[in-house]
Amino acid sequence: MKWHTDYHWMNTRKKKEFVNITDLVRQSVEAADIQEGMVLVSAMHITSGVFVNDEEPGIKNDFMEWAETLAPFRIDYQHHRTGETNGDAHLKSILFHHQVVVPVTAGKLDLGPWQQIFYAEFDGQRRKRLLIKVMGE
Amino acid sequence: MKWHTDYHWMNTRKKKEFVNITDLVRQSVEAADIQEGMVLVSAMHITSGVFVNDEEPGIKNDFMEWAETLAPFRIDYQHHRTGETNGDAHLKSILFHHQVVVPVTAGKLDLGPWQQIFYAEFDGQRRKRLLIKVMGE
Amino acid sequence: MKWHTDYHWMNTRKKKEFVNITDLVRQSVEAADIQEGMVLVSAMHITSGVFVNDEEPGIKNDFMEWAETLAPFRIDYQHHRTGETNGDAHLKSILFHHQVVVPVTAGKLDLGPWQQIFYAEFDGQRRKRLLIKVMGE
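Chains as they are written, first to last, in our numbering: chain X, 102 to 238; chain R, 102 to 238; chain W, 102 to 238.
Hint data in this document are derived by calculation from the structure and do not stem from the laboratory. The model shown is predicted, which means the values in this text are computed figures rather than measured ones. There may be inaccurate statements among the hints.
Because identical chains cannot be distinguished in the list, a pair is counted as satisfied if it fits within a single copy or across any two copies.
[What the hints assert, rightly or not] Simulated crosslink set (EDC-like; lysine to aspartate or glutamate; CA at most 16 Å straight-line): (1) K103 - D177; (2) K161 - D177; (3) K103 - E238; (4) K161 - E185.
Using the sequences and the accompanying hints, generate a full structural model.
Structure (structure tokens):
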């Protein structure tokens with residue numbers, strides 16, 4: 102079995118932003134040099150997520166508005182007694198989930214025609230890490 | 102290591118429907134002929150999900166109503182400027198997540214007594230694909 | 102490839118409770134004696150979840166309040182026609198997801214500095230099982 106792990110520093114310009122990381126994941130699979138396998142793509146922070154959906158600007162805006170509706174910024178989260186102000190980002194991380202597993206078949210990411218992989222930043226403008234771990238043979 | 106990948110075309114009668122796919126996953130594990138392993142069960146579309154819960158008609162109806170409450174159909178999603186009308190289905194896919202990993206132990210799906218695997222269609226009445234990828238030995 | 106599976110009985114004092122299981126997962130990795138691998142941590146019940154976030158009492162209270170806001174206890178879930186009263190716990194299980202996959206690199210859980218693994222009980226005060234399955238070499 103081959104194992105290959107890449108770490109990427111993400112540093113978004115905006116506080117909240119979705120970053121298409123499909124090519125990063127593809128590069129890790131190529132570096133691992135496998136034909137069959139699985140790739141774990143996982144945020145290493147508790148205010149970020151990783152998800153699979155559509156590279157379409159409208160739906161990405163809808164996702165961000167929806168995240169704000171279901172997990173809004175609020176002053177009075179108990180978490181803020183620690184001095185933090187990012188309680189909403191923790192909730193958004195749960196809502197979107199912090200990881201996906203991507204199948205690799207015949208040497209390629211085995212995604213559907215519209216599926217793209219996104220890093221979801223909910224508390225950005227600072228350096229945060231993303232893990233891509235490939236296993237396969 | 103053995104790798105076995107099956108693709109299934111799903112085509113639900115209703116626009117929104119939960120399909121119990123536990124037997125499909127079990128068949129893939131049998132075809133893979135493994136004793137220990139893991140199975141990735143993943144929707145290949147961005148308006149579908151996969152989840153594990155209970156085969157009980159009431160809770161399935163509750164799930165669908167809950168999905169509509171938290172991720173309602175609306176005319177004014179930005180995604181609809183593309184001509185699509187399925188923005189809510191994208192949100193519901195995020196809410197339920199699009200995949201699960203099922204453990205295999207001693208040749209069997211290692212599920213709890215009530216756990217069943219479901220494909221969640223939120224924009225159906227057309228052909229969509231489901232991936233089941235088994236790894237193990 | 103090495104495979105190692107542990108089952109833990111969880112029996113929370115409170116009906117709803119988050120239990121930090123990071124050490125349990127670490128013990129399974131040590132028992133598996135691997136350097137590179139992945140760990141599936143999965144609830145075996147349909148009213149529990151598993152997630153990764155922060156060991157901070159305030160945010161854990163915020164999570165529980167948020168779960169109640171988005172997936173509230175209600176008398177009139179259709180699931181309750183079976184005699185059950187835990188429909189909300191099923192919805193909360195979907196919201197938090199029932200499993201995570203944790204990477205193992207150089208013999209250690211490859212988590213970010215604040216990431217801890219939690220079992221999320223939404224219908225407790227009784228014995229329920231958690232599965233930890235390690236694969237690696």
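From the Cα coordinates, with 16 Å as the cut-off, is the pair K161 and D177 best called within, between, both, or neither?
Between copies only: 14 Å across, 28 Å inside.
Status of E185 relative to K161 across identical chains (alpha carbons, at most 16 Å):
For K161 and E185, only the inter-copy Cα distance (14 Å) is at most 16 Å; the intra-copy one is 26 Å.
Give the relationship of K103 and D177 under a CA distance limit of 16 Å: within one copy only, between copies only, both, or neither.
Neither: 47 Å inside a chain and 47 Å across chains, both beyond 16 Å.
Can you tell me if K103 and E238 fall within 16 Å by alpha carbon in one copy, between copies, both or neither?
Both, since 6 Å and 10 Å are each at most 16 Å.
Checked against the numbered hints listed earlier, the structure breaks hint 1 alone; every other hint is satisfied.
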